[in-house]
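Could you slot chains B, C and D with the ligands onto chain A? The hints should help.
Protein chains in written order, with the numbering used here: chain A, 66 to 337; chain B, 66 to 337; chain C, 1072 to 1379; chain D, 1072 to 1379.
To be clear, the hints were calculated from the coordinates, so they are not data collected in a lab.
Wrong hints could be hidden among the right ones.
25 Å max Cα-Cα, derived DMTMM-like pairs, lysine to aspartate or glutamate [what the hints assert, rightly or not]:
(1) C:1281 to D:1079
(2) A:77 to B:155
(3) C:1281 to D:1365
(4) C:1281 to D:1248
(5) A:141 to C:1276
(6) C:1279 to D:1372
(7) C:1279 to D:1371
(8) D:1279 to C:1160
(9) B:317 to D:1126
(10) A:325 to C:1160
(11) A:141 to D:1325
(12) D:1281 to C:1276
(13) B:325 to D:1105
(14) D:1281 to B:155
(15) A:317 to C:1079
(16) C:1281 to D:1105
(17) D:1279 to B:274
A quick note: this is a predicted structure, and the numbers were derived from the prediction, not measured.
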Amino acid sequence: MPINRPRFVHGKILHNAGGGIFYRMEVALPDRIEFAPGQFAMVSGWPGNDPLLPRPLAIFRARGARGKGTVEFVYKVAGRGTALLSGLHEGDPIAATLPLGRGFEFGGEERTYWLLGGGVGFSTVFPAAVFLEQERSEFEMFLGARTRDQLPPRDWIPGGGLPGRVHPCTDDGTAGFFGTVTDAVRDRLDRLKTPERRRLMILACGPREMLRSVSSLALPLGIPVQASLENHMACGFGVCWGCVTEVREEGKTSYRRVCKEGPVFDAREVVW
Amino acid sequence: MPINRPRFVHGKILHNAGGGIFYRMEVALPDRIEFAPGQFAMVSGWPGNDPLLPRPLAIFRARGARGKGTVEFVYKVAGRGTALLSGLHEGDPIAATLPLGRGFEFGGEERTYWLLGGGVGFSTVFPAAVFLEQERSEFEMFLGARTRDQLPPRDWIPGGGLPGRVHPCTDDGTAGFFGTVTDAVRDRLDRLKTPERRRLMILACGPREMLRSVSSLALPLGIPVQASLENHMACGFGVCWGCVTEVREEGKTSYRRVCKEGPVFDAREVVW
Amino acid sequence: MTQAAVPDIRARVGEVLLKNPVMSASGTFGYGLEFTPFYDISLLGAIIVKGLSLEPTAGNAPPRIVETSAGMLNAIGLQNIGVERFVAEVAPRLADAGAAYAANIYGRTIEEYESVARRLSGVPSLIAIELNASCPNVKEGGIAFGSTPEGLYGLTRRVRAATGKPLWVKLSPNVGDIGAVARAAEEAGADAVTLINTIVGMAVDHRKRKPVLSNVTGGLSGPAIKPVALRMVWEACRSVKIPVIGIGGIQSAEDALEFLLVGAAAVQVGTANFRNPNACVEIVEGIRNFFIREKIARVDDYRGRLVL
Amino acid sequence: MTQAAVPDIRARVGEVLLKNPVMSASGTFGYGLEFTPFYDISLLGAIIVKGLSLEPTAGNAPPRIVETSAGMLNAIGLQNIGVERFVAEVAPRLADAGAAYAANIYGRTIEEYESVARRLSGVPSLIAIELNASCPNVKEGGIAFGSTPEGLYGLTRRVRAATGKPLWVKLSPNVGDIGAVARAAEEAGADAVTLINTIVGMAVDHRKRKPVLSNVTGGLSGPAIKPVALRMVWEACRSVKIPVIGIGGIQSAEDALEFLLVGAAAVQVGTANFRNPNACVEIVEGIRNFFIREKIARVDDYRGRLVL
Ligand SMILES: Cc1cc2nc3c(=O)[nH]c(=O)nc-3n(C[C@H](O)[C@H](O)[C@H](O)COP(=O)(O)OP(=O)(O)OC[C@H]3O[C@@H](n4cnc5c(N)ncnc54)[C@H](O)[C@@H]3O)c2cc1C
Ligand SMILES: Cc1cc2nc3c(=O)[nH]c(=O)nc-3n(C[C@H](O)[C@H](O)[C@H](O)COP(=O)(O)OP(=O)(O)OC[C@H]3O[C@@H](n4cnc5c(N)ncnc54)[C@H](O)[C@@H]3O)c2cc1C
Ligand SMILES: Cc1cc2nc3c(=O)[nH]c(=O)nc-3n(C[C@H](O)[C@H](O)[C@H](O)COP(=O)(O)O)c2cc1C
Ligand SMILES: Cc1cc2nc3c(=O)[nH]c(=O)nc-3n(C[C@H](O)[C@H](O)[C@H](O)COP(=O)(O)O)c2cc1C
Ligand code: FES
Ligand code: FES
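Excised from the complex, chain A in its bound form:
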């Protein structure tokens, strides 16, 4: 049976190697997993209790057949946990709870999509790109980085070969658009015709500030924004209430679990 609802599994690392400032790790699992773009895993398995908690990583790719599967993660070294992951080798054990959370929702056939990935946020939107490509839906990608070297390797980008589809944005102008993803989006939105706007939907993952500013550009124009949030998590499957973010619904605010009601939220609801 494919893994399509949360399960705790033990796997073994097949590859774990750097690409630019990122690492890409493939793990052999006891079964194929089925996931929605935007869903994630809680990854652990290192020896000892320090770090204690598993780390959330977006599911970048999953392959396999009956009784045999692999999952891929793309990550950046941010602290102790990811540093530890980056030191693991082929054959080392990994444990993971997956697939978790609510992924992106896709609109009808007439929709076009902009996928925004700030920093390592691309790892969350790439599976959406793969899905849209399969569906033959129209999409473009905006990938933000501080500088050229911090962009994802070109051969990792789904549909990266299609000219005009992928828009790298660098803060220092060393590659692609000179400016942030938000700047690029503002630029394009200004030049967009109303029918195009009507069809557009934005799926985004990146720093909270990027998500906030993109939302404040797109929402007033009636463009739906799905924002994938990143909070520190203890469990990842909704039982600790540690990962909440404030949301507004029918005028009232409340705390929602990023791991369960998210990580993808309708940007209109998020209290930024």
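Positioned in the frame of chain A, the structure of chains B, C and D with the ligands alone reads:
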């Protein structure tokens, strides 16, 4: 400057591979170390604080030249720390405080030696064998294991090629002498002539029970026994008082630090 | 010596007989139903649900959690759906799943505690009420009650009078003499004491010069606190005659056995569920296998058998 | 903003001015001389030597230590060479090495405490006496004094009267209200309080069914306790006006800075010395570099500047 008094150094693993039930690890260090057989290192360097404390390992071998050295350890997986060590790979970092403790003392030229290694205890007596071989002193080795497969690999044994010099002993008789190291020692002592006895000195490392029983055989015959003890340690260099063993001197007993006054003790002083 | 082929691992907590000595800890297991994708929750000794209050509670602003060495601090602020929704929506589903479950409760006043306890008393499938007198997070919460024997005695007596359900009192470790606090609960009529709740701790960001948690302090849990928990459980077992439920840093069957060995009637597993959602059932299996291997026929043949 | 090119990292603990805010903790640094192979011990703010008693003390039977998750339990039982030998043999060598050093002391009775303090008062190079009112290991030891504000007040007053040296009182964390205990020390005339000592914990061998330590319980130290220590230091800083010396789980300059940030005048480093004998000097360097990077001119520009 060679490292000949305690220093805390960072190294990198060169090899770390199994041989029978043992592992042998070689670590590149910033300098050559000089050590006495029986001295040890406190080994750590894994990520995180769990395990927290370094683990004591005998210095098995050290090589190198000015400004560049290596140290080798031989170990058995006994628990969390050694299991963790066994999972490390070439290139992984290791930290060590070394060389530590008081090693074996050698008698005059006329001495002959029996080196006793019970279990992984051989890692402590092998450097003594290497030293005695260099000095062209006479020695024999008794190596104990539960069964044949648990003996140290033959090609690790210094002077292992010389017939009659190395006496494997197995509890189940699957190789060498049928019985424990203590049994073999008792056997040989019975047949030893007085002049031979007078020249004999025993250097031993292994389970406490083996050290105790060998001492109770040899000491009454006036044969000096140097026993290398193994206690759990926190610091390894004499500042925590965690590793003490009871010793008797001039009729009074007191607690001595295994890491500082030992690990090698005159067996007459140890309160077994 | 062959009697123990199939050991009896049922555990008795006063009048409550559990399938096995392993319960999930309050606040780390949601309302229990969240674990149904992972395993059959009726396999557990019991589930202790997230602390319930009279009204739904919003909890603290984020950040609410931060990892520490072999532990974590939490300041959830007891976010929960309130006792009414629990009784109406969750309790029936737990009963349907065949799960044994108890409700952890708290109030800002003794009267609120009483009301929650009363409301739960009418739920037939509920096996016990666990009174959280120790949560260190909410300023108006249990801290005043749980931190002195007198305070705890007063609270326990009132809640005791308000409900006919077995009453377990969960103790705060942030006290000087855990035995005295356990005795106060016993004297006030508790059927059992549960310990330990989290130890108050703090984390700061030395660069931003700010506390990491919005609540400034939080409760420390996880393997880091196990030695302290084990000592306190041992002391409590020597201080009271009522059953002691041991908790704090349990990650494995070996850890759970340690608590039984010092005298706990049963154990609870908290933070371990986060890294390994199967932790509780794996611990049940591990205890069973240990009993088989060591030919232990029943829990009482092992429990409290520490040789000093 | 260029003033802090060479920051002044000297730290003031009452009338004592330290080279820097980093001291080695008692019981984890021997008598200081053991570290001379590793580095020049005069580089430290101060060395606190192993707890001294009136007579040489044999300490507890082994096993005395056991590792726990991110921590360790010890029940050394205060093995030491006694105050006479310390004064005769060790103190002169520490003075020769240029080290600033203080003596941690304990007694089985108030009179013993007084005698040790008196004996040390005549040692000119000794910068302070640190009164260990909290060691949880020795049954006849400090535990009775340190566990209540009243007990601590009585002890501190008597030792205060017995010595003209700066008197630092080291507090036990095994209390309900650390602020109250700190205030008792302050009122009794302490020049500073040091906290925390180890938290009482326990480890058992579930297979052998025996405690791991011969003393049954031991003191928990190391990174596991850091969040608890930091919280208690923060509370103590808000409870007293005398300087607070922070200790518990410090492993790095970042950890040390956290204690300064919540208000500690200086810090002590204990268990970290075991894994990394250079820990203390590396922490001194780390603090200096942080101050350079962040352009902080002196300790008081950072100390206690936590923004709530
Ligand atoms: C759903 C989801 C999907 C993700 N997908 C990916 C992915 O695909 N690839 C990827 O690289 N990353 C991803 N992340 C982010 C990733 O989980 C973090 O980078 C990682 O957990 C950091 O762990 P660490 O141990 O390396 O860093 P840590 O040492 O834990 O911390 C890194 C930084 O966060 C700070 N911090 C720690 N705790 C808190 C807290 N409670 N509140 C605020 N700040 C805190 C620390 O001070 C430090 O600066 C994802 C996160 C989420 C929630
Ligand atoms: C001077 C010296 C030299 C050594 N040289 C070598 C060597 O060359 N090769 C080698 O393989 N080993 C050597 N050892 C032994 C080695 O240090 C241990 O096997 C190792 O530290 C075990 O660590 P671990 O984490 O794997 O096991 P752990 O998990 O720490 O424990 C292993 C076992 O010890 C028990 N234990 C833990 N703490 C205590 C305690 N305080 N008292 C009693 N029992 C306890 C545990 O319950 C467990 O059964 C040496 C020891 C010393 C003192
Ligand atoms: C995120 C979190 C939430 C908790 N919420 C509660 C609660 O609502 N009521 C309660 O009595 N204890 C609560 N606790 C405490 C646990 O039940 C348990 O006592 C503590 O975590 C120690 O056990 P552990 O180390 O196994 O986690 C909570 C703990 C955590 C980590
Ligand atoms: C092995 C050991 C021995 C100790 N001996 C003493 C002592 O003699 N006197 C004392 O006041 N504290 C003693 N302590 C406590 C430490 O000084 C310190 O307060 C405690 O370990 C917490 O700090 P840490 O986590 O940095 O180790 C000892 C601690 C350890 C680990
Ligand atoms: S991480 Fe536990 S509820 Fe979201
Ligand atoms: S291990 Fe610390 S004194 Fe021996």
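Taking the hints in turn, this is what the structure says about them:
no. : hint             : verdict
1   : C:1281 to D:1079 : 23 Å, holds
2   : A:77 to B:155    : 19 Å, holds
3   : C:1281 to D:1365 : 16 Å, holds
4   : C:1281 to D:1248 : 24 Å, holds
5   : A:141 to C:1276  : 21 Å, holds
6   : C:1279 to D:1372 : 14 Å, holds
7   : C:1279 to D:1371 : 17 Å, holds
8   : D:1279 to C:1160 : 47 Å, violated
9   : B:317 to D:1126  : 16 Å, holds
10  : A:325 to C:1160  : 19 Å, holds
11  : A:141 to D:1325  : 22 Å, holds
12  : D:1281 to C:1276 : 41 Å, violated
13  : B:325 to D:1105  : 10 Å, holds
14  : D:1281 to B:155  : 40 Å, violated
15  : A:317 to C:1079  : 52 Å, violated
16  : C:1281 to D:1105 : 38 Å, violated
17  : D:1279 to B:274  : 18 Å, holds
Hint compliance for this structure: hints 8, 12, 14, 15 and 16 are broken, all remaining hints hold.
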